[in-house]
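A.B. asks: These are the residues of each chain, in order.
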Amino acid sequence: MNAILKQYQAPVWNEPVIMEMGYPGRRGVLFAPAEPEIRQQVGDVSALIPSKLRRQDRPALPEMTEPEVLYHYLRLSQQTLGMMGISLFGTCTMKYNPQINEQMAWRPEITELHPLQHEDTMQGALEIVHEMDLMLRELSGMDQFVFQAGGGSEAAYTNCAVTRAYHASKGELEQRDEIIVTIQSHPCNPATAAAAGFKVVTLMLDENGYPSLDALKAAVSNRTAALMVTNPDDMGVYNPEMKEWVRIVHEAGGLAFYDAANFNATMSKLRPREIGFDACMFMLHKTFGAPKSGVGGPATGAYGCSAELVPFLPSPLVVRDEGRYRLDADRPQSVGKIREFLGNVQVVLKAYAWTRAMGADGIAQASDISVLANNYMEKGLLAIRGVTRSHPEATTPRMEMTRYSFQTLKEETGVDTHDVQNRMSDFGMDPLWQSHEPWLVPEPFTPEAGETYGKEALDQWIAVIRRISEEAYSNPELVKTSPHNQAVHRLKPGATDDPESRAMTWRAFQKKRLRQARSGTDQMRAVVD
Amino acid sequence: MQPPTAHPYMANSVPAIQREMLDSIGVRDIEELFVQIPADHRLARPLDLPPALSEHELRRHLVETLSKNSTTEDNLSFLGAGIWQHHVPAAVDEIVRRNEWLTSIYGVPSSDHGLYQSWFEFCSQLGELLNLDLVGMPVRSWGTAAGHALRMAARLTGRNEVAVVRAIDPERLSIIRNYCEPPEMADHIVVHLINYDPATGLVDLDQLRATVGAQTAAVYFEVPSYLGLIDHQAAEIAAIARAAGAETIVGVDPISLGVLSAPSDYGADIVVGTIQPLGIHLHAGGGVGGFIATRDEPRYAGEYPTLFISIAETIKPGEYGFGRALLHQSSYALREKGKDWIGHSVYMWAVAATAYMAMMGPQGFAEIGEIIVQRAHHAARRLGELEGITITFPSGFFKEFVVNFDDAGKSVSEINDALRAEGIFGGHDLSSDFPELGQSALYCVSEVHTHSDIERLAGALQKVISQ
Chain A
65 MNAILKQYQA
75 PVWNEPVIME
85 MGYPGRRGVL
95 FAPAEPEIRQ
105 QVGDVSALIP
115 SKLRRQDRPA
125 LPEMTEPEVL
135 YHYLRLSQQT
145 LGMMGISLFG
155 TCTMKYNPQI
165 NEQMAWRPEI
175 TELHPLQHED
185 TMQGALEIVH
195 EMDLMLRELS
205 GMDQFVFQAG
215 GGSEAAYTNC
225 AVTRAYHASK
235 GELEQRDEII
245 VTIQSHPCNP
255 ATAAAAGFKV
265 VTLMLDENGY
275 PSLDALKAAV
285 SNRTAALMVT
295 NPDDMGVYNP
305 EMKEWVRIVH
315 EAGGLAFYDA
325 ANFNATMSKL
335 RPREIGFDAC
345 MFMLHKTFGA
355 PKSGVGGPAT
365 GAYGCSAELV
375 PFLPSPLVVR
385 DEGRYRLDAD
395 RPQSVGKIRE
405 FLGNVQVVLK
415 AYAWTRAMGA
425 DGIAQASDIS
435 VLANNYMEKG
445 LLAIRGVTRS
455 HPEATTPRME
465 MTRYSFQTLK
475 EETGVDTHDV
485 QNRMSDFGMD
495 PLWQSHEPWL
505 VPEPFTPEAG
515 ETYGKEALDQ
525 WIAVIRRISE
535 EAYSNPELVK
545 TSPHNQAVHR
555 LKPGATDDPE
565 SRAMTWRAFQ
575 KKRLRQARSG
585 TDQMRAVVD
Chain B
165 MQPPTAHPYM
175 ANSVPAIQRE
185 MLDSIGVRDI
195 EELFVQIPAD
205 HRLARPLDLP
215 PALSEHELRR
225 HLVETLSKNS
235 TTEDNLSFLG
245 AGIWQHHVPA
255 AVDEIVRRNE
265 WLTSIYGVPS
275 SDHGLYQSWF
285 EFCSQLGELL
295 NLDLVGMPVR
305 SWGTAAGHAL
315 RMAARLTGRN
325 EVAVVRAIDP
335 ERLSIIRNYC
345 EPPEMADHIV
355 VHLINYDPAT
365 GLVDLDQLRA
375 TVGAQTAAVY
385 FEVPSYLGLI
395 DHQAAEIAAI
405 ARAAGAETIV
415 GVDPISLGVL
425 SAPSDYGADI
435 VVGTIQPLGI
445 HLHAGGGVGG
455 FIATRDEPRY
465 AGEYPTLFIS
475 IAETIKPGEY
485 GFGRALLHQS
495 SYALREKGKD
505 WIGHSVYMWA
515 VAATAYMAMM
525 GPQGFAEIGE
535 IIVQRAHHAA
545 RRLGELEGIT
555 ITFPSGFFKE
565 FVVNFDDAGK
575 SVSEINDALR
585 AEGIFGGHDL
595 SSDFPELGQS
605 ALYCVSEVHT
615 HSDIERLAGA
625 LQKVISQ
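Residue numbers (the working numbering), protein chains in the order written: chain A, 65 to 593; chain B, 165 to 631.
Treat the hints as calculated values from the structure; they're not laboratory data.
Please note that a few of the clues may not be correct.
30 Å max Cα-Cα, derived BS3-like pairs, lysine-lysine [stated by the list, open to error]:
1) A:Lys474 to A:Lys333
2) A:Lys474 to B:Lys627
3) A:Lys234 to A:Lys281
4) B:Lys574 to A:Lys70
5) A:Lys576 to B:Lys574
6) A:Lys474 to A:Lys556
7) B:Lys574 to A:Lys556
8) A:Lys263 to B:Lys574
9) B:Lys480 to A:Lys575
10) B:Lys480 to A:Lys544
11) A:Lys333 to A:Lys307
12) A:Lys281 to B:Lys501
13) A:Lys333 to A:Lys281
14) B:Lys501 to A:Lys556
15) B:Lys501 to A:Lys234
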């Protein structure tokens, strides 16, 4: 666990905002004008557009050549750490995004495929979607998957829509207006439940690290529409009473949904349907090797459910009939659309490729390695001054994540988790992740080792935290003013939220800067007067 | 049991290194680390998945599977209806595929400075096209943007009805209905559909006036409409909404904004739309993306469900960086009390779109808009000359128009089957979603369609119809 730290300096390009670049008249891309016979036939363009809706002004976009634009963005890409450093961003299951998957997904057979083409011309894409569905069924025990959701939150929303349709079909929707979550359910679970119109009941944790059965029993009633829960949670704690939870919710007439955000720990070890869950979701951009792009996407929340809920799934479903794939949209009880078309088919392809490259043994091993790596890191991290862990008294090993705290460090040095985050990037290390809200553990941080990085990389990560702890005790200002080796310094606190200074576009920035400059001048005048 | 060889994606799949790690923490076997999971939760057998493939085997398998697709590149396609074929510059593809931001998880503003700046530049450039100062980071699609915007309007006004045009993408309408919640829910938003005038395809203002009232949170319409039309009554529609104290929400295709007015200039309060035409391929439907934009007023800013990126000074005087703004009102911070919900979206497409907009510049948008309008009108007129074909709304559209085949004695489905045999993808069949339009299809013609393409289509249609 003794790694030597690398010297690191991020590229400093001092790149202007693109709105300040270019020269009037320069062009980045040209289009062939309409042929003379077309222009002759249709005449003046302005006659074809209603005069009231003809644009009068020129949008103030930069005027640049192709290489100017290309190199500007390549410089910006160089000022993005991504996984070039070591990224152990907890709950997001950082893992390698294989290049072969990108190469295949960017073939024209996918990029130039229109989703409204006839099924006969999309058999390859539909086959991949269907085969991915079958593999996820095997991993989960569910009966059908749909890939329309463009991320985990949208899959959680899909679950809420399916829950509405299920209870509506029984005439109980008006009565069943509550969804139960735990304080450790990802924020998207309560948020989508509320946006779907449900009241949210949140269970708090007891000393074991998960809510008690009594708390659940007190929460369920004939108003319960569903339970939405993550297991293991983001602290690496597995709730062993989950079968009983599902039974209690079912007995009350509710549905049970398993947010498999943390499936890296349990894939190949258990199947949500066998625990009793009616539905689950997998993040293809996390567990299944597709890229995340800055918690940005395009991503895919694969939503799977039991046969009982299949009629309510969004449409269309990809089905196989006698060796041919087709889109089934004739589904009268379906919730319809959550998002346009079939979902991010290119992401499904990447996840399919990852699953085929891993195979059953590879997937089982990835889960083993993730849990081993987390426990390995835990020993190294808990040996660092100022670092503690949630539920310190618990004796069983955590799963693929552990929730730590810098509270002691903060009390003793004034350096908080945000400072450590910034300082990490000075070592070329992707900043740590803290915790979802609310922070149950003060000054939290949550590394997730995953299966991609080797022991040497994990040792590096630990060594960086150890170094920062030493700095905090010897020279806290160094940490509190970090980063020092990055493309830019840290932002002034509060500057992005203050309505006087925040500017989400260049045009807003220009106006506010001008206004501030003016008021600055006014103040100076007032002083002079 | 260990597989015989290490896996290329897993550095710790070497048995000896696992042994080192286990020894270091004093654990004999990895299985001991799973004791939290009760035995009766465990899967009792190994997973039954297809055999693992080497990279070469995987490549062959995927190439073979994908070869069963026949694309808009192999065929001459006139499909649009929510996702459209436009030219994507090669430089845009090179930029968007960079591993640095592809693999990023967002770090902190300084460690992912380049990604944050590119996001800010996306919002800034879109703001110029829209003439709006407040642009959120993309949402997952036009439909989800419209759904969120209608919910914003309901919160802003405290009202629970919306007027939405009938001439709308049925997929988008279905999403809107989900976002507006079923009637059983306490916060259900009633959706009133506003018809279009069957003669012109434009919004029926009389019905709009009769529908909009004290309970109306928003009026939602689109320019161009789903049927392709540029509704010259846009300012009147916005005025009707404003008079009733409702928000005007306009959906827009931004590639039209070099020639069409920015919606805020004719009265839009909230503008939503697609970003797909801005340098993003079709990706079998995975190219869709949406946006929400408004005036920069706290009243609006406080209701966005999106992520915002703000430019801001750093602690070094004179230096600027970019950071997330107003995160405290999102569901990340407030869970069920947040504004709708936030999560993975399509931010890589923001990177593509910002590169695209910068390459286009003001002149690129002006020219592409003119070329599209010319090519689309020419195509419509050319097809309208054919026996059995009528162009339902013959002028005043952008890149899509309705082609009616009632007099051809054949259904759209039959015609499209025959066109497909000629290597042509005909327009999207409207006959089931818009039965009042008869056997009609929505044809899309953009800058990529040449005069000879239209001649080829016309020749094929003539042949199909006369058969």
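A.B. asks: Taking the hints in turn, state whether each one holds.
C.D. replies: A quick look at each hint next to the structure:
| no. | hint | verdict |
| --- | --- | --- |
| 1 | A:Lys474 to A:Lys333 | violated, 38 Å |
| 2 | A:Lys474 to B:Lys627 | violated, 79 Å |
| 3 | A:Lys234 to A:Lys281 | holds, 23 Å |
| 4 | B:Lys574 to A:Lys70 | violated, 71 Å |
| 5 | A:Lys576 to B:Lys574 | violated, 60 Å |
| 6 | A:Lys474 to A:Lys556 | holds, 20 Å |
| 7 | B:Lys574 to A:Lys556 | violated, 67 Å |
| 8 | A:Lys263 to B:Lys574 | violated, 52 Å |
| 9 | B:Lys480 to A:Lys575 | holds, 22 Å |
| 10 | B:Lys480 to A:Lys544 | holds, 14 Å |
| 11 | A:Lys333 to A:Lys307 | holds, 15 Å |
| 12 | A:Lys281 to B:Lys501 | holds, 24 Å |
| 13 | A:Lys333 to A:Lys281 | holds, 28 Å |
| 14 | B:Lys501 to A:Lys556 | holds, 27 Å |
| 15 | B:Lys501 to A:Lys234 | holds, 29 Å |
Of the numbered hints listed earlier, those contradicted by the structure are 1, 2, 4, 5, 7 and 8.
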